[in-house]
Amino acid sequence: DAMVIQNPRYQVTQFGKPVTLSCSQTLNHNVMYWYQQKSSQAPKLLFHYYDKDFNNEADTPDNFQSRRPNTSFCFLDIRSPGLGDAAMYLCATSRKRTSGTRTDTQYFGPGTRLTVL
Amino acid sequence: AQTVTQSQPEMSVQEAETVTLSCTYDTSESDYYLFWYKQPPSRQMILVIRQEAYKQQNATENRFSVNFQKAAKSFSLKISDSQLGDAAMYFCAYRSAEKETSGSRLTFGEGTQLTVNP
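In the order they appear, the protein sequences are chains R and U.
Numbering-wise (the numbering used here), the first sequence opens with residue 1 and increments by one.
Numbering-wise (the numbering used here), the second sequence opens with residue 1 and increments by one.
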């Protein structure tokens, strides 16, 4: 089945130690998103890639970076994790709008739960 | 900027009964999408139902249906014949359809935690 995959599902890192979270998709979607979700809160968009074009949210800290080496993969890099970065990180994808179509639904991966010690 | 409000932090329903979750939103746009997502304890965000603003007909998906009132900017979710597996956090979300890159953002409500009692 076509899907969005996130690895690892659980990640433990130390304060200040760089960490990378991975997302891959078999949906052949052009747009990929990274959300941060803290306990009992709604997901918050960090950034998204529209094909190769990177779109950063205005309030996303510089500590968060992203890479998209190809259509299928997208990475979230946290350069120096702080205790406040402990959260669930959700990757999502959607289709690109083309003539005669509308992009709409975002499909989410299972998430990576990040713990910072 | 668009906002989405879910005024019910928690709701409960008896198994096999019907429950309605409320959602209101604020926007100046005329073309947009609305979604209900379900997030069980596993934290997987699962699409429940979606509605395109230009469609007057309310969307339905099996036991799930919406009451979309565009003029009132209201988008409630009705779950019929509730099952234990419906227990989850439910998020209402808005997405603009007018501008592709700026419209890619999903704006979520704060969520409603639904408990289903046996």
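Worth flagging that the hints you see were computed from the coordinates, not collected in a lab.
Heads up, the beta-carbon is just placed ideally off N, CA and C, and yes, glycines get one too.
Please note: incorrect hints may appear among the correct ones.
What the hints assert, rightly or not - PhoX-like cross-link-like pairs, simulated, lysine-lysine; straight-line CA separation at most 25 Å:
no.	chain 1	residue 1	chain 2	residue 2
1	R	Lys17	R	Lys38
2	R	Lys52	R	Lys96
3	U	Lys73	R	Lys44
4	R	Lys96	U	Lys55
5	R	Lys38	R	Lys96
6	U	Lys73	U	Lys55
Unchecked claim - Coverage of chain U stretches by chain R, computed from C-beta distances (three or more under 8 Å per stretch; other residues unrestricted):
no.	region
7	35 to 44
8	106 to 115
Said to hold, decoys possible - Here are a few chain U residues that sit away from chain R, every Cβ distance over 10 Å (derived from the structure):
no.	residue
9	Gln2
10	Ser12
11	Ala16
12	Asn67
13	Ala71
14	Ala72
15	Asp81
Against the structure, the hints come out as follows:
1. R/Lys17 to R/Lys38: holds, 20 Å
2. R/Lys52 to R/Lys96: The given pair, whose Cα atoms are some 12 Å apart, holds under the 25 Å limit.
3. U/Lys73 to R/Lys44: With Cα atoms ~22 Å apart, U/Lys73 and R/Lys44 stay inside 25 Å; holds.
4. R/Lys96 to U/Lys55: holds, 21 Å
5. R/Lys38 to R/Lys96: violated, 28 Å
6. U/Lys73 to U/Lys55: holds, 14 Å
7. 35 to 44: holds (count 5)
8. 106 to 115: Holds: 5 residues of the region 106 to 115 of chain U have a Cβ under 8 Å from chain R.
9. Gln2: holds, 13 Å
10. Ser12: U/Ser12 clear of chain R: closest Cβ-Cβ about 17 Å, beyond 10 Å.
11. Ala16: Nearest chain R Cβ is 28 Å from U/Ala16, so the label holds.
12. Asn67: holds, 20 Å
13. Ala71: Consistent with the label, U/Ala71 stays out of reach of chain R, its closest Cβ about 22 Å off (over 10 Å).
14. Ala72: At roughly 22 Å from the nearest Cβ of chain R, U/Ala72 sits farther out than 10 Å, so the non-interface label holds.
15. Asp81: holds, 25 Å
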